[in-house]
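Enquirer: Based on the hints, put chain B in the right spot on chain A.
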Amino acid sequence: MRRRLRIALPALLIFAAAASAGTPPPVTNLQAAQQAIANAERVDAASLAAVELGEARAKLSAAEKAVAAKQMVVGAQLADEARADAELAAARAGAAKAYTVNAEIKRSTATLVEEMQRKAGDSK
Amino acid sequence: MNSTNYLQFRSIIAVAVAAALFAGCASVPEKPAGSEEVRAKLTALQGDPTLANRAPVALKDAEAAVGVAETTQKDLDLAAHRVYIADRKVETARALAQIQFAEEERTALKDQSEKARLDSRTREADVAKTDALIARAESAEQKVAASDARSVADAAQLAANASQQQAAELQRQLEILQARPTDRGLVLTLGDTLFATGKAELKSGATVNLDRITTFMNEYPNRTAAIEGFTDNTGSEEMNQSLSERRADAVKRYLVGQGVSSARLTSSGRGENAPVADNESAAGRQQNRRVEVVISQVEAEGTN
Chain A
10 MRRRLRIALP
20 ALLIFAAAAS
30 AGTPPPVTNL
40 QAAQQAIANA
50 ERVDAASLAA
60 VELGEARAKL
70 SAAEKAVAAK
80 QMVVGAQLAD
90 EARADAELAA
100 ARAGAAKAYT
110 VNAEIKRSTA
120 TLVEEMQRKA
130 GDSK
Chain B
25 MNSTNYLQFR
35 SIIAVAVAAA
45 LFAGCASVPE
55 KPAGSEEVRA
65 KLTALQGDPT
75 LANRAPVALK
85 DAEAAVGVAE
95 TTQKDLDLAA
105 HRVYIADRKV
115 ETARALAQIQ
125 FAEEERTALK
135 DQSEKARLDS
145 RTREADVAKT
155 DALIARAESA
165 EQKVAASDAR
175 SVADAAQLAA
185 NASQQQAAEL
195 QRQLEILQAR
205 PTDRGLVLTL
215 GDTLFATGKA
225 ELKSGATVNL
235 DRITTFMNEY
245 PNRTAAIEGF
255 TDNTGSEEMN
265 QSLSERRADA
275 VKRYLVGQGV
285 SSARLTSSGR
295 GENAPVADNE
305 SAAGRQQNRR
315 VEVVISQVEA
325 EGTN
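Heads up: the protein sequence lines correspond to chains A and B, in order. According to this note's numbering, the stretch in the first sequence is residues 10 to 133, in order. According to this note's numbering, the stretch in the second sequence is residues 25 to 328, in order.
No lab work stands behind these hints: they were computed from the structure. Small disclaimer: the values here were computed from a predicted structure and weren't measured. Hints are supplied without guarantee of correctness; some may be wrong.
[Said to hold, decoys possible] Simulated crosslink set (DSS-like; lysine-lysine; CA at most 30 Å straight-line):
no., chain 1, residue 1, chain 2, residue 2
1, B, Lys98, A, Lys79
2, A, Lys106, B, Lys139
3, A, Lys106, B, Lys167
4, B, Lys84, B, Lys98
5, B, Lys139, A, Lys128
6, B, Lys167, B, Lys153
7, B, Lys134, A, Lys115
8, A, Lys128, B, Lys153
9, B, Lys98, B, Lys55
10, B, Lys134, B, Lys153
11, B, Lys65, B, Lys84
12, A, Lys128, A, Lys115
13, B, Lys134, A, Lys128
14, B, Lys98, A, Lys74
15, B, Lys55, B, Lys65
16, A, Lys115, B, Lys139
17, B, Lys84, A, Lys106
18, A, Lys106, B, Lys98
19, B, Lys84, B, Lys55
20, B, Lys65, B, Lys98
21, B, Lys139, B, Lys153
In isolation and in its complexed conformation, chain A is listed as follows (with noise of 0.2 Å):
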């Protein structure tokens, strides 16, 4: 309910923005950022590349601010650096859940060798 909220109150804005300028509102790039965001946010970038998610968000605010003043080469640009953010933010926590996952595979092996030499060592 306050996503859509969110998504369908700059959707005005940039609408009664168009209305009364000549430059139409970056439409595409604000939905790509917050496509972005949403995907980053599915891959749990919100604890895992926080900081990028934050910049992604503060970025896409900033857009919708900037179409909303009418300013829509700067909107269409800080969406567009917002995608890139949420895009990095999604990577990152991709990175950062492949290398947890990876770690724990190699403790648990040393785990294992260590165990196995243990019981190489009492056995001899």
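Expert: Just chain B now, kept in the frame of chain A:
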């Protein structure tokens, strides 16, 4: 954070870039501020052997963005924006390559893990096998011990059997000799067929029974034998006494000649004084003419 902050920030960068441009030679087109750092990052990523080839699409995208950022000249805001985008894209390409690398590494790690697990199981199995072998060896040892005990028992049994066999053999021998157990010992009677009438020389071919005695004496080296001669009452007593002595002696000499130690043999004549039958009949007299070999019942010791 709000948009004005960003706008201010961007303006500051733009001013800085502009200042740099003016400070430098205006005729040489300067690259936008930060673009060299981004290019350096990109180059580093491309030179990283573990990451360079692991996110080709993202890397190409980043490279294009860096190129665009580098060639943006007039619009400083746009240049800053493009540098920023390029930087994010390079970082994203790096992160994606790291994911790819991690996933490839994971395959190897899982293999290692699986191998370790397998080794562990194998080792456990080996340990179990070794334990089993040890257990088996121990049980084999116990078996050997048991079979040793058994073989001792067997030996005892064997000895028992042997002594039984010996006893049986002795019995058989005695049966062959037609010896009869008496309180004096085993008495075996050699009939008068050994000697011609009135003679003390053994008849040739009459030694079968004597040979059996020899065999018996050799078989039981601890036994001794007393050889006694007897006669009927035909003739004078002195002559009969002498004849019985000579006949007993002849038997002894024969046995000694067959290898029986003379120490184990005694010979004596009893003459006509110990008849076993009536001297009135020819059959009785024949029974009385005899040589008795009395074999010691209990094995004598030290007589060999």
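Enquirer: Please go over all the hints and tell whether each is borne out by the structure.
Expert: Right, here's what the structure says about each hint:
1. A C-alpha spacing of about 23 Å is found between lysine 98 of chain B and lysine 79 of chain A, which places the hinted pair at or below 30 Å, so the restraint holds.
2. Taken as a hint, the lysine 106 of chain A and lysine 139 of chain B pair is honoured in the structure, with Cα atoms around 24 Å apart against an allowance of 30 Å.
3. For the given pair, lysine 106 of chain A sits about 61 Å from lysine 167 of chain B by alpha-carbon distance, which is inconsistent with the 30 Å threshold.
4. With a C-alpha separation of about 25 Å, the suggested pairing of lysine 84 of chain B with lysine 98 of chain B holds against the 30 Å cut-off.
5. For the suggested pair lysine 139 of chain B and lysine 128 of chain A, the alpha carbons sit about 17 Å apart, so the restraint of at most 30 Å is met.
6. About 20 Å separates the Cα atoms of lysine 167 of chain B and lysine 153 of chain B, which keeps this hinted pair within 30 Å; it holds.
7. Restraint check for lysine 134 of chain B and lysine 115 of chain A: satisfied, since their Cα atoms lie roughly 9 Å apart, inside the 30 Å limit.
8. For the proposed pair lysine 128 of chain A and lysine 153 of chain B, the alpha carbon gap of about 15 Å is at most 30 Å, so the pair holds.
9. Between lysine 98 of chain B and lysine 55 of chain B the CA atoms are separated by roughly 10 Å; this keeps the pair inside 30 Å, and the hint holds.
10. At most 30 Å may separate the alpha-carbon atoms for a hinted pair to count; lysine 134 of chain B and lysine 153 of chain B meet this at roughly 27 Å.
11. Restraint check: the Cα-Cα separation between lysine 65 of chain B and lysine 84 of chain B comes to about 14 Å, which is no more than 30 Å; the hinted pair holds.
12. Between lysine 128 of chain A and lysine 115 of chain A the alpha-carbon distance is near 20 Å, which keeps this suggested pair within the 30 Å criterion.
13. At roughly 22 Å between alpha-carbon atoms, lysine 134 of chain B and lysine 128 of chain A fall within 30 Å of each other, so this suggested pair holds.
14. Annotation: proposed proximity of lysine 98 of chain B to lysine 74 of chain A holds, straight-line Cα distance about 26 Å (limit 30 Å).
15. For the hint pairing lysine 55 of chain B with lysine 65 of chain B, the CA-to-CA distance comes to about 15 Å; that is within 30 Å, so the pair holds.
16. As the CA atoms of lysine 115 of chain A and lysine 139 of chain B are separated by approximately 13 Å, the hinted pair is consistent with the 30 Å bound.
17. For the hint linking lysine 84 of chain B to lysine 106 of chain A, the alpha-carbon distance of about 24 Å falls within 30 Å, and the restraint holds.
18. Proximity of lysine 106 of chain A to lysine 98 of chain B is assessed by CA-CA distance (about 41 Å); at most 30 Å being required, the pair is judged violated.
19. A threshold of 30 Å between alpha carbons decides the hint, and for lysine 84 of chain B with lysine 55 of chain B the separation of about 20 Å falls inside it, so the pair holds.
20. For the given pair, lysine 65 of chain B sits about 24 Å from lysine 98 of chain B by alpha-carbon distance, which is consistent with the 30 Å threshold.
21. Annotation: proposed proximity of lysine 139 of chain B to lysine 153 of chain B holds, straight-line Cα distance about 20 Å (limit 30 Å).
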